[in-house]
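Residue numbers for the sequence shown follow numbering that gives the first Met the number 0, beginning at 0 and rising by one.
Check the hints yourself; a few may be wrong.
Straight-line alpha carbon distances no greater than 27 Å define the calculated BS3-like cross-link-like pairs of lysine-lysine that follow [to be verified]:
id: 1; residue 1: K246; residue 2: K277
id: 2; residue 1: K85; residue 2: K132
id: 3; residue 1: K277; residue 2: K56
id: 4; residue 1: K132; residue 2: K160
id: 5; residue 1: K293; residue 2: K28
id: 6; residue 1: K266; residue 2: K293
id: 7; residue 1: K223; residue 2: K56
id: 8; residue 1: K85; residue 2: K28
id: 9; residue 1: K160; residue 2: K239
id: 10; residue 1: K204; residue 2: K333
Using C-beta positions, here's what the derived DEER-type ranges look like [what the hints assert, rightly or not]:
id: 11; residue 1: D290; residue 2: P91; range: 43 to 51 Å
id: 12; residue 1: G86; residue 2: N265; range: 32 to 40 Å
id: 13; residue 1: K266; residue 2: N57; range: 33 to 41 Å
id: 14; residue 1: L249; residue 2: V32; range: 17 to 25 Å
id: 15; residue 1: A252; residue 2: K204; range: 35 to 43 Å
To be clear, the hints were calculated from the coordinates, so they are not data collected in a lab. No residue lacks a Cβ here, since even glycine has one placed at the ideal position from N, Cα and C.
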Amino acid sequence: MNKLFFLIIAAGIILCGCADKYENKVTLKLEEVARFGAEQGTNDEVIAFAADFVVDKNENVYVADFIARKIKKYSPAGKLIKMFGKGEGEGPGEFKQIRSVEVDDSNNVYVADMSRNVVAVFDSAGTLIKEIKPKLRPAYLLASSMNEVYFLGFWNHKTDKVISKLDFTKDDPEQGAVTFCERFKGEKNWEIANVGYTGSIFRDKENNIYYSAFYPYYIRKYSKEGKLLTEYEREAPFYKPPYIKHKTPLYVAPVSGSQTTALLSNKYILNEIYSTDKDSGKFILYLDIWDKDKEEFLAMIPEKDLNMELSRYIYADEKGYFYNYCEKPYPHIKKYKAIISYIKK
Numbered sequence: 000m001n002k003l004f005f006l007i008i009a010a011g012i013i014l015c016g017c018a019d020k021y022e023n024k025v026t027l028k029l030e031e032v033a034r035f036g037a038e039q040g041t042n043d044e045v046i047a048f049a050a051d052f053v054v055d056k057n058e059n060v061y062v063a064d065f066i067a068r069k070i071k072k073y074s075p076a077g078k079l080i081k082m083f084g085k086g087e088g089e090g091p092g093e094f095k096q097i098r099s100v101e102v103d104d105s106n107n108v109y110v111a112d113m114s115r116n117v118v119a120v121f122d123s124a125g126t127l128i129k130e131i132k133p134k135l136r137p138a139y140l141l142a143s144s145m146n147e148v149y150f151l152g153f154w155n156h157k158t159d160k161v162i163s164k165l166d167f168t169k170d171d172p173e174q175g176a177v178t179f180c181e182r183f184k185g186e187k188n189w190e191i192a193n194v195g196y197t198g199s200i201f202r203d204k205e206n207n208i209y210y211s212a213f214y215p216y217y218i219r220k221y222s223k224e225g226k227l228l229t230e231y232e233r234e235a236p237f238y239k240p241p242y243i244k245h246k247t248p249l250y251v252a253p254v255s256g257s258q259t260t261a262l263l264s265n266k267y268i269l270n271e272i273y274s275t276d277k278d279s280g281k282f283i284l285y286l287d288i289w290d291k292d293k294e295e296f297l298a299m300i301p302e303k304d305l306n307m308e309l310s311r312y313i314y315a316d317e318k319g320y321f322y323n324y325c326e327k328p329y330p331h332i333k334k335y336k337a338i339i340s341y342i343k344k
């Protein structure tokens, strides 16, 4: 699936005269420090197309290469140092359609394959430990350890709850699974479930789990056992639900929503959101910033003010680094030092 990068128009127009309500309290400055993925080289050295990526506690970057059907591990300096998986196939350690990659605190690597409907687990040396076929097809994965693996499922599955916590140390990881995060219920629920967007999940240093819905606007914080702790939400006048553009074949068109989220310095929630320009039909991207602990909305920054093109895949870490997947001029991931400063009144 190709990423779409769009023209940005003034935020004031989108906010329909509500600029005062969204007066930013902070600024965000990004300083590039590294890149991952070669411009030229062998199929192993270059990133053909990133389906997902994640960063471990040592700042190594793991890229799920959708075309190569492998996970590529890069050092903090951007050097390719290891690969996980055997490439395309349907046998153990092989992949057909990689959807998500995750790394736990022991550097075990988890890979979700949509086509085979399996999750493969590798140790840090690249040896396949096990594969499971979960009941809930995972869109994204989170893991702190082998006995705490979280699946975010697709909303068009006929389940009331979309997050499942499994124990991969058991012969049957589904045994005793904890499920939580109820699906949105409303008159537009069918369209939301079938638009193809899933929302996203991340965890903080205390191992609380956060779910950011695609639509409507809310971010839920859960304990690691699935207890709802709080919800971050704000009025967003430009948020509109998806709609059925045509039924044959079925196409549910997104209008606005959240693409992905990340947690910066274990303090700031970054929520990448978008609206649709009614004249051109193109997406207009923003980065919302929240204070995680104070539960305070701090800023909505247009993509153009970041001097970069946001992608569907972003990441941030405890050390204050922000990562963004770029397709131009070649597929690569940029690493930035992120500096958030309060605006003096």
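Structure-based check of all given hints:
1. K246 <-> K277: holds, 22 Å
2. K85 <-> K132: With Cα atoms ~18 Å apart, K85 and K132 stay inside 27 Å; holds.
3. K277 <-> K56: Violated, at roughly 42 Å.
4. K132 <-> K160: holds, 18 Å
5. K293 <-> K28: Judged against 27 Å, a Cα distance of about 22 Å means the pair holds.
6. K266 <-> K293: holds, 9 Å
7. K223 <-> K56: Distance of about 19 Å is within 27 Å: holds.
8. K85 <-> K28: violated, 40 Å
9. K160 <-> K239: holds, 23 Å
10. K204 <-> K333: Distance of about 23 Å is within 27 Å: holds.
11. D290 <-> P91: 43 to 51 Å: With Cβ atoms ~45 Å apart, the hint holds.
12. G86 <-> N265: 32 to 40 Å: holds, 36 Å
13. K266 <-> N57: 33 to 41 Å: violated, 21 Å
14. L249 <-> V32: 17 to 25 Å: Violated, at about 44 Å.
15. A252 <-> K204: 35 to 43 Å: holds, 38 Å
The structure is inconsistent with the numbered hints 3, 8, 13 and 14, although it conforms to all the rest.
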